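Asks: Dock chain G against chain V, hints included.
Residues per chain are reported as follows:
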Amino acid sequence: MTASRIGQRAPQREVEIEFDGARIRAVEGEPVAASLLVAGRGILSRSFRFHRPRGLMCSTGQCGWCECEVDGVPSVRTCRLLARDGLAVRSEHALPSVGRDILGLLDWGSRLAPPTFYHHRFLRPRFLRKAYLDVLRWFGGRGHLLASRTAWKPGGELRRERVDVVVIGAGTSGLAAAAGARRAGAKVMVLEADVPPFWNPPAYGAASPGAGDHDGMDIRPGTTTLGWYGGVVGVVDRHGTFEVEAGAVVVATGTYERVPLVGGADRPGVLSARLVARLIERHAILPGRRAILVGEAESLAGVGALLARAGASVAGPYATASLLAVNGRRRVSGVRLRDGAGTRVEPADIVVFSDRAPSVELLLQAGAATAGDAAGPSALVDGAGRTSVPGVFAVGGAVGPAGRQQDAMAAGTEAAAYAAASQGGDAPAWDGCAPMRRTRFAGTPDRRHRDGTGCSVPGTPHGQSPPPGAIVCFCEDVRVREVVTEVHAGYGDPELLKRRTGALTGPCQGKYCLAALACTAASAAPDGGPGAQPDAGAWLPPTGRPPVRPVRLGDLAGAHPLAVADEA
Amino acid sequence: MVARVRDLLQPGPAPSKADVVIVGAGITGLALARELAGRGIRDVAIIERRYPGSGATGRNVARIRAMQLTDELTRVAIACQAKYDRMADDLRFNVLFYRLGYAWVLYQQAEVERMRPIVEMHHALGVHSRVLSPEDTLRRLPVLRGGEPVAGAVLHDDAIVHHDAVVWAHLEHLAASGVRLVAGATVTGIERGDDGVTGVQTTAGAISTRLVVNATDGWSSELNQLAGVRTPNRPFRREVLVTAPLRRSVDAAITFYQPVEGWFNQTLRGEIVMGVVDPAELAGVDQQSSFEFLRRTAAVMTRKAPALAGVTVIRQWAGMYDVSPDHLPLVGPTRQIEGWWQANGWSGRGMLLAPYLAELLAARIATGIAHPYLAQFDPDRFDETSSAADTSGDYYARYKQETTESRPASQPAPEPEPAQPPYNPDHPRP
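Here the protein sequences come in this chain order: V and G.
If you use our numbering, the first sequence closes out at 619, no skipped numbers anywhere.
If you use our numbering, the second sequence closes out at 1016, no skipped numbers anywhere.
None of these hints come from the bench; they were simulated from the model.
Quick caveat, the model's predicted, so the values are computed rather than measured.
Where hints are given, some of them may not hold.
To be verified - Below, a sample of chain V positions facing chain G; criterion: calculated Cβ distance under 8 Å: (1) Ser126; (2) Arg135; (3) His171; (4) Phe173; (5) Trp189; (6) Arg193; (7) Gly194; (8) Tyr280; (9) Asp288; (10) Thr292; (11) Glu294; (12) Pro598.
For glycine and all other residues, C-beta sits at the position ideal for the given N, C-alpha and C.
If we strip away everything but chain V, and leave its shape as in the complex, we get:
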């Protein structure tokens, strides 16, 4: 991966930042991770368990692969941190450095270390058991406790705001829903976690709104929704925390780009389409000269054109199913593709992927029913965007592929009507999607959603087995074969699978593994034990837990020196 600047974007100011003691030139206001990429520092962290090299991948602040210690604050996502003069960035969790980490040898031994292996291996001799755990403890952890003792301002009283309809996410669907609710006369608030520098670049998707008052809609950029707390939405912004109480909630949280479930897919140089579009359009950075596109042609067209215009050679798009592996060691060197009956290797600097997985965390927290296909669980809604939980609507990407055909504006109008009806004190009638039974263990899920009651997402059987060495959960380095082993051992129930493998429990909290885990568990199920579901559509995700995004304790207590807007 040889990233380079393509031309000048005026006006820009050069600044100097520090990375592991080296001075790096950067452009003021661009993400620190992008500056490091251009400086040839593609590896920003090492994975938790096997110390695999990781770098910039998603650019949405969700995957955590770009986490470094910045000015003494641990685990800062450098893709969301804007460069300014004198920032001191240090890599974490590597010996001696992320570039050459001798602990990377652990990856070679990873076949010998299934999840929970230490429960069975470190038993004898007894007097060494404590020492084993000391070593285990030494390997754990990433960042250091806050080194700089910058004082946090104490948090004030909890602010509470009341609106008729709160829309979470200011993408195309969210804004359409907000407009629909506004047209119906509702008081509307739109919560958007990102601040303008991080809004989607045009080549990737929707145009972004401005902040402030739009046709009576109160749009709040830089406002992170942390969770659904029984009818109230908990939020943090640069001033601290507040609660939003609303008559109806519209979840328009969109999608995550889904890392292909093949071996080597976490190598530095495997980049999301959103990131590539952002680097080229916003920061005039070409991440690599030879690009391979993987995913649906439709969603990759814009990015492909951008890459070609910037002077890269572009191959593909290839269907995700034809991708067999990503080759390389410390960075991408090429891909192995299915080619007719055989396979072939194609060299590349970067692999750009675009398949999407619905972002359903808030809906899971609310207890909304989900269904899904190989793309992972998505919200189950009726024609008006109603979920199974009264007062909760879902539009756009969170609904899955069907969200594209959805009339988000009409859903917003419905939400306004519900909020108005609930004003009277009586809960309005709710004929949203039939809820699935939330008791999973040993139970067959209620399949009412399949008999065509107006709910939109059919379950699709997933017949294909993912490669055993592919990584399902990147936070904990859980591989396909480990998930399969646990399903066969009888721990196929999603809650038990989560506890046994550690998948879904890392810092990304399942954003990058929920879909892959559902597919993998489903593929293992024909021979599976209790709780195993034979298709990904019927696989019910474990209980959703707040917060939706990682949040600093200091931010919850008051205002942070690296304020939310800096590290959005």
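Replies: Same frame as chain V, now just chain G:
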């Protein structure tokens, strides 16, 4: 062995009869089944509504503390900790028993003075706790530097375990024992004859039995009511949050009581788990997380340990404490119905106490002889008016009571005044 766990977890109908039916597959139910099997009672069925460890067992942070505030409880806790120390050998499964250290951090001189006789009591029992000066406290626990000034700490070499590992260890052991686990089934009724319990009705079928153990902790009042048994236990929610993993930085499990009860410690994996208790928590089964908890915990922790301000919270959850009026569990048969046994009301100490007390309970079931330790846990020790007061979530309330009255350590703990009518499951949390 592994394939047998799969058989154990395989859904199926309940057996038509069993010598013993245990309701609840948390640490209590699993440990009791293991102990019964060890004594040759293998015709045991465990009924579990969700999955093994789905209640408080899978939601706690598994601190295994020998030093307690009273003489009687410390004696029991020493045996309980020893049980965990042996568990890896007994079950051939590493439950990650690790002596992390445990510190009560004190913020008032009066607290330090109250703790001195308790430390003397510990020493008399062979627990080598010690009182640290403020300087030594900060040296031992640098995470507290820069925070509210401490008055001292009581430190002991206590342990943590991995709660899920404890569940799996028991499952693997039970899989080979002949015990049946009926998961995904709910108890719908209790059959009674003239001479006591005759059976249990479940959604997976009826089981005829003469002995039922209520091991449902947070849900024990509900189940007792189904059997027509009254207990004063009340369920209270406790919440937890966990941070992204950090390098080794906190070298003891910390608990404090001022201004409210709170605690934190670092797991072997590096995550910091923490919580600050809501003294006004209402009674009732509720496992929903609250925003207020996040805010409260952040505010208190960043005051006590400013270095924690930089850590990122990645997840929060909630579990249930089943609190009895004297904060001690109910372990043994009740005289209200023949054949109805209690193993609940753990009041937040289930992870510590259950495996060892299950051993004593199994012995009592098998032989009819009760170990002297069980006397203080007699389920019928409460009178009609006893109830868990609303402050029962506040451990400090009890601590103050015990220590300010300068009561000799050998006397039984007094029961708090009843402040509320007994918990009524028909009228849960408002």
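Asks: So, for every hint listed, does it hold in this structure?
Replies: Here is how each hint holds up against the structure:
1. Ser126: 5 Å, holds
2. Arg135: 19 Å, violated
3. His171: 7 Å, holds
4. Phe173: 6 Å, holds
5. Trp189: For V/Trp189, the interface hint holds, since the closest Cβ of chain G sits about 7 Å away, which is under 8 Å.
6. Arg193: Holds, about 5 Å.
7. Gly194: Hint on V/Gly194: holds, closest Cβ of chain G at ~5 Å, below 8 Å.
8. Tyr280: Since chain G brings a Cβ to about 5 Å from V/Tyr280, closer than 8 Å, the hint holds.
9. Asp288: Because about 14 Å separates V/Asp288 from the closest Cβ in chain G, which is outside the 8 Å limit, the hint is violated.
10. Thr292: Holds - the Cβ of V/Thr292 comes within 8 Å of chain G, reaching about 6 Å at its closest.
11. Glu294: 6 Å, holds
12. Pro598: 6 Å, holds
The structure fails hints 2 and 9 (numbered hints given earlier, in ascending order).
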